[in-house]
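Undergrad: Residue strings, one per chain:
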Amino acid sequence: MNFAVLQFPASNCDQDAVHVLGQVFGHSARLVWHKETSLGAVDAVIVPGGFSYGDYLRCGAIARFSPVMQAVQQFATNGGAVLGICNGFQVLCEAGLLPGALIRNRSLQFRCEHVFLKTLTTDSPFTNQIPAGKTLRIPIAHGEGCYFADAETIARLKANQQVLWQYVDAAGAVTELANPNGAVENIAGICNERRNVAGLMPHPERACESLLGSEDGRFIFESLIRWLEKRPGTKAA
Amino acid sequence: MRLRPECRRDMKAKIIITPKKAVLDPQGKTVQNALDHMGYKNVGAVHVGKYLEIELTGSNEDEARQQLEEACHKFLSNPVIEDYRLEIVE
Numbered sequence: 001m002n003f004a005v006l007q008f009p010a011s012n013c014d015q016d017a018v019h020v021l022g023q024v025f026g027h028s029a030r031l032v033w034h035k036e037t038s039l040g041a042v043d044a045v046i047v048p049g050g051f052s053y054g055d056y057l058r059c060g061a062i063a064r065f066s067p068v069m070q071a072v073q074q075f076a077t078n079g080g081a082v083l084g085i086c087n088g089f090q091v092l093c094e095a096g097l098l099p100g101a102l103i104r105n106r107s108l109q110f111r112c113e114h115v116f117l118k119t120l121t122t123d124s125p126f127t128n129q130i131p132a133g134k135t136l137r138i139p140i141a142h143g144e145g146c147y148f149a150d151a152e153t154i155a156r157l158k159a160n161q162q163v164l165w166q167y168v169d170a171a172g173a174v175t176e177l178a179n180p181n182g183a184v185e186n187i188a189g190i191c192n193e194r195r196n197v198a199g200l201m202p203h204p205e206r207a208c209e210s211l212l213g214s215e216d217g218r219f220i221f222e223s224l225i226r227w228l229e230k231r232p233g234t235k236a237a
Numbered sequence: 238m239r240l241r242p243e244c245r246r247d248m249k250a251k252i253i254i255t256p257k258k259a260v261l262d263p264q265g266k267t268v269q270n271a272l273d274h275m276g277y278k279n280v281g282a283v284h285v286g287k288y289l290e291i292e293l294t295g296s297n298e299d300e301a302r303q304q305l306e307e308a309c310h311k312f313l314s315n316p317v318i319e320d321y322r323l324e325i326v327e
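For the protein sequence lines, the chains are F and U, in the order given. Numbered per the numbering used here, the first sequence spans residues 1 to 237. Numbered per the numbering used here, the second sequence spans residues 238 to 327.
Worth flagging that the hints you see were computed from the coordinates, not collected in a lab. Be careful, since some hints might not be right.
What the hints assert, rightly or not - Straight-line C-alpha distance at most 27 angstroms; calculated DSSO-like pairs for lysine-lysine:
id, chain 1, residue 1, chain 2, residue 2
1, U, K257, U, K311
2, F, K35, U, K311
3, U, K258, F, K158
4, U, K311, U, K251
5, U, K278, U, K257
6, U, K257, F, K158
7, U, K258, U, K278
Unchecked claim - Distance ranges between label pairs, derived from CB positions:
id, chain 1, residue 1, chain 2, residue 2, range
8, F, G213, U, Y277, 41 to 49 angstroms
9, F, Y56, U, N297, 23 to 31 angstroms
10, F, A170, U, K251, 44 to 52 angstroms
11, U, K278, F, K35, 51 to 59 angstroms
Said to hold, decoys possible - One side only, chain U facing chain F, incomplete, derived with CB under 10 angstroms:
id, residue
12, K257
13, L261
14, P263
15, Q264
16, L289
17, K311
18, V317
Positions of the beta carbon are idealized from the N, C-alpha and C atoms, including for glycine.
Go ahead and model the full structure; you've got the sequences and the hints to work with.
TA: Below, the structure is given as structure tokens:
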């Protein structure tokens with residue numbers, strides 16, 4: 001598989017994503033600079049974490065208008081798989097590829113710790129390999145990860161099973177205490193209605209090797225890779 | 238070529254962006270609490286937002302307003318979480 005990992009000024013998880021896709025999973029992963037107007041021949045796009053354009057104005061607000069994002073819009077419109085991680089999630093929301101917005105953590109603190117995630121549906125390119133009932137332990141590192149959308153949008157997300165992950169406690173229960181940022185309904189990650197674009201605040205790319213304390217992030221990348229391999233018209237990797 | 242002084246009409250846009258009422262505003266809440274602790278009574282809800290000043294070079298106020306309304310909606314504010322007020326002054 002060929003992955004494009006976007007690179008904005010002040011992206012800082014781009015190399016981690018390339019490392020995981022290339023070294024851990026053995027696929028081709030290429031950095032694509034924000035000024036590029038084309039993605040080239042790619043199977044999926046990763047919008048990585050960081051502080052694109054210094055988080056000026058709003059997180060993701062400026063990145064969303066970069067030339068490469070116009071290509072990503074087109075790629076997504078054509079049904080291509082796009083995964084936004086942390087700042088990448090913020091960029092995708094700002095771009096309108098995902099509904100809602102990420103605002104300042106309720107605690108006003110930058111939270112950098114492992115959290116537990118419950119997967120609400122395996123019916124997506126990003127969750128299909130996550131075992132039923134499995135609680136994922138994956139780190140977060142953000143100051144503005146509080147997911148917000150109006151009540152109508154939240155109702156629609158739930159009705160369409162677009163909420164992919166929620167923050168839970170170690171026992172898998174959705175509690176107020178397990179919510180690190182005040183996100184509505186403990187939402188950690190969502191997908192669009194068509195299910196080909198997803199974003200999450202936690203960092204699965206930081207949880208793919210036992211050396212880093214958790215390998216649970218692998219399930220998310222394995223899901224995406226499996227989905228790409230099974231997609232009609234895809235050559236075997 | 239310099240424009241004749243009577244043709245020059247420098248304008249400035251003032252844009253105030255505030256969080257929507259339904260959106261959690263922990264900064265506002267924290268400032269409100271601090272004001273209360275400092276003894277400033279009769280202080281109600283506080284909303285922390287952003288203020289932008291934009292210098293404009295054209296002379297057509299309607300045109301400038303139309304463009305900035307669009308920019309506010311598309312870029313300067315996020316309608317999902319923020320409201321804005323736009324004012325153009327000379």
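Undergrad: Looking back at the numbered hints, which does the structure fail to meet, lowest number first?
TA: Violated hints: none at all, because every hint is consistent with the structure.
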